[in-house]
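Protein chains: 2
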Amino acid sequence: MTYCLAMNLQQGLVFGGDTRTNAGVDHIATFRKLYTFTKPGSHAIVVMCSGNLATSQSLIEHLKRQNDSGEGSILSLCSMFDVAKHVGDLLRELIEEASGADHSQGVDFSGNLLLGGQIKGEAPRLFQIYPQGNFIESTEDTPYLQIGEDKYGKPILDRITNYALPLELALRCTFVSLDSTVKSNLSVGPPLEVLVYEKDSFDLSRCRRIEEYDEDFLNMRQHWSQGVRTLLEGLPTPNV
Amino acid sequence: MTYCLAMNLQQGLVFGGDTRTNAGVDHIATFRKLYTFTKPGSHAIVVMCSGNLATSQSLIEHLKRQNDSGEGSILSLCSMFDVAKHVGDLLRELIEEASGADHSQGVDFSGNLLLGGQIKGEAPRLFQIYPQGNFIESTEDTPYLQIGEDKYGKPILDRITNYALPLELALRCTFVSLDSTVKSNLSVGPPLEVLVYEKDSFDLSRCRRIEEYDEDFLNMRQHWSQGVRTLLEGLPTPNV
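So the sequences go chain by chain: A and B. Our numbering numbers the first residue of the first sequence as 162 and each following residue consecutively. Our numbering numbers the first residue of the second sequence as 162 and each following residue consecutively.
Among these hints, one or two may not hold up.
[Stated by the list, open to error] With beta-carbon atoms standing in for the labels, derived distance ranges:
| # | chain 1 | residue 1 | chain 2 | residue 2 | range |
| --- | --- | --- | --- | --- | --- |
| 1 | A | 242 | B | 300 | 49 to 57 Å |
| 2 | A | 229 | B | 301 | 55 to 63 Å |
| 3 | A | 368 | B | 189 | 42 to 50 Å |
| 4 | B | 268 | A | 230 | 52 to 60 Å |
| 5 | B | 268 | A | 237 | 48 to 56 Å |
| 6 | B | 362 | A | 397 | 45 to 53 Å |
[Unchecked claim] Under the rule of at most 25 Å between Cα atoms (straight-line distance), these lysine to aspartate or glutamate pairs were calculated in the DMTMM-like manner:
| # | chain 1 | residue 1 | chain 2 | residue 2 |
| --- | --- | --- | --- | --- |
| 7 | A | 225 | A | 243 |
| 8 | B | 225 | B | 283 |
| 9 | B | 344 | A | 229 |
| 10 | A | 246 | A | 319 |
| 11 | A | 344 | B | 298 |
| 12 | A | 200 | A | 257 |
| 13 | B | 360 | A | 394 |
| 14 | B | 344 | A | 394 |
| 15 | A | 344 | B | 319 |
| 16 | A | 344 | B | 302 |
| 17 | B | 344 | A | 375 |
| 18 | B | 344 | A | 257 |
| 19 | A | 344 | A | 372 |
| 20 | B | 344 | A | 243 |
| 21 | B | 344 | A | 301 |
| 22 | A | 360 | B | 301 |
| 23 | A | 344 | B | 394 |
| 24 | A | 281 | A | 263 |
| 25 | A | 281 | A | 229 |
| 26 | B | 246 | B | 232 |
| 27 | B | 281 | B | 302 |
| 28 | A | 225 | A | 354 |
| 29 | B | 225 | B | 187 |
| 30 | A | 344 | B | 301 |
| 31 | A | 246 | A | 298 |
| 32 | A | 344 | A | 375 |
| 33 | B | 344 | A | 232 |
| 34 | A | 281 | A | 311 |
| 35 | B | 281 | B | 319 |
| 36 | A | 344 | B | 311 |
Source of the hints: derived by calculation from the structure; they are not laboratory data. All residues carry an ideal CB built from backbone N, CA and C; glycine is no exception.
Full structure from sequences and hints, please.
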């Protein structure tokens, strides 16, 4: 399973996701789900993947080859909408190809993507791409999108997220959303990856991988759990 | 949809649930999902239902009739385990009967139950009953059980709940778990119902229905959301 989320806010974009894949509980491995594509000063693009690992790895490989050859590269496109269309079409083709094979044996080859970033001349944009190749875009009303095991991490987003939320707070919110999912679902697990993109910077280097026993992360988790308990102790509730 | 949860703790039991039922988004209604059966001084039993409404209403009707006639009444049983067996068998029979009819047309008649309470001579016990009639019991390690739309309300439980949690804190935790689910999923909605049972009291009167615009509830929600935001602002997180 996978959990990835991304926000498109006034100050920029925030991405977060886990790296656990599993095929049954006895086949668990670590694969990153966050990929970046950049052209200095003009293109800063992030792709996060959920679903069939073969499909998403193949997708990323195709995107990289296109960039290397320069032919059909997403780094030559002038709008994030066109990137979403290109990536969506590629995703659909790969899924159709795998599903149509003689020995597909009913395997689910589908996947969902989060695609965010900025191309010079546009504001940052964020999309969720479906296995069918179509996609939706985040808005000021709904500034966050999720793929994968999304329910456990949603309550904190629904309470906190709004378009004006400062990036630093959005990053903390992302950590808590990821941690809540990790705690409640074994199939989502560390290392975690987060990336913060400041609007108009065209810089995707503010990225960090958090390992399972990262002291700062464990400290954050403890601080949060204690804080929630304290908050609960002082919470005025209806009389029962 | 439905969300119900219950905890079996050192000091007693806490139950919480919504009252929304829906068959599609244009057929939403209010039906309570929490029922009580008592015999003063010896039996205090709570049933919460999710799933097919016709099935759960029929189940409750059968249990009431058995109590009224005295024949096969759960209030004559000496252990909550036997009550769980009786209710589980009845649930399975009702589902089988509905599913086997000529015109069942592939409808899902199944349902899940939470059954908790205390019978004199035993400590309070809590069960989750499956459509197949079998059931699991909560333990000191896993003191809470949920049915229905359970994911949104799980993170707060996973952070807070333990067997020694005082009843008053457990009640607050229940309110937050319900509120998180209501906020994130339209098909779970108020009025909400909560019930607190103090061990050895055999008294199920500490019960409250919370209407949609209940001032105390809205006040709690605001306090919680603000508190979470403040907590987030002071949260030490890994550097990115």
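Hint-by-hint comparison with the structure:
| no. | hint | in the structure |
| --- | --- | --- |
| 1 | A:242 to B:300: 49 to 57 Å | 53 Å, holds |
| 2 | A:229 to B:301: 55 to 63 Å | 58 Å, holds |
| 3 | A:368 to B:189: 42 to 50 Å | 44 Å, holds |
| 4 | B:268 to A:230: 52 to 60 Å | 55 Å, holds |
| 5 | B:268 to A:237: 48 to 56 Å | 54 Å, holds |
| 6 | B:362 to A:397: 45 to 53 Å | 25 Å, violated |
| 7 | A:225 to A:243 | 17 Å, holds |
| 8 | B:225 to B:283 | 23 Å, holds |
| 9 | B:344 to A:229 | 46 Å, violated |
| 10 | A:246 to A:319 | 28 Å, violated |
| 11 | A:344 to B:298 | 22 Å, holds |
| 12 | A:200 to A:257 | 30 Å, violated |
| 13 | B:360 to A:394 | 21 Å, holds |
| 14 | B:344 to A:394 | 22 Å, holds |
| 15 | A:344 to B:319 | 7 Å, holds |
| 16 | A:344 to B:302 | 16 Å, holds |
| 17 | B:344 to A:375 | 32 Å, violated |
| 18 | B:344 to A:257 | 37 Å, violated |
| 19 | A:344 to A:372 | 15 Å, holds |
| 20 | B:344 to A:243 | 34 Å, violated |
| 21 | B:344 to A:301 | 19 Å, holds |
| 22 | A:360 to B:301 | 50 Å, violated |
| 23 | A:344 to B:394 | 22 Å, holds |
| 24 | A:281 to A:263 | 44 Å, violated |
| 25 | A:281 to A:229 | 21 Å, holds |
| 26 | B:246 to B:232 | 16 Å, holds |
| 27 | B:281 to B:302 | 24 Å, holds |
| 28 | A:225 to A:354 | 20 Å, holds |
| 29 | B:225 to B:187 | 31 Å, violated |
| 30 | A:344 to B:301 | 19 Å, holds |
| 31 | A:246 to A:298 | 12 Å, holds |
| 32 | A:344 to A:375 | 15 Å, holds |
| 33 | B:344 to A:232 | 46 Å, violated |
| 34 | A:281 to A:311 | 31 Å, violated |
| 35 | B:281 to B:319 | 31 Å, violated |
| 36 | A:344 to B:311 | 15 Å, holds |
The structure is inconsistent with the numbered hints 6, 9, 10, 12, 17, 18, 20, 22, 24, 29, 33, 34 and 35, although it conforms to all the rest.
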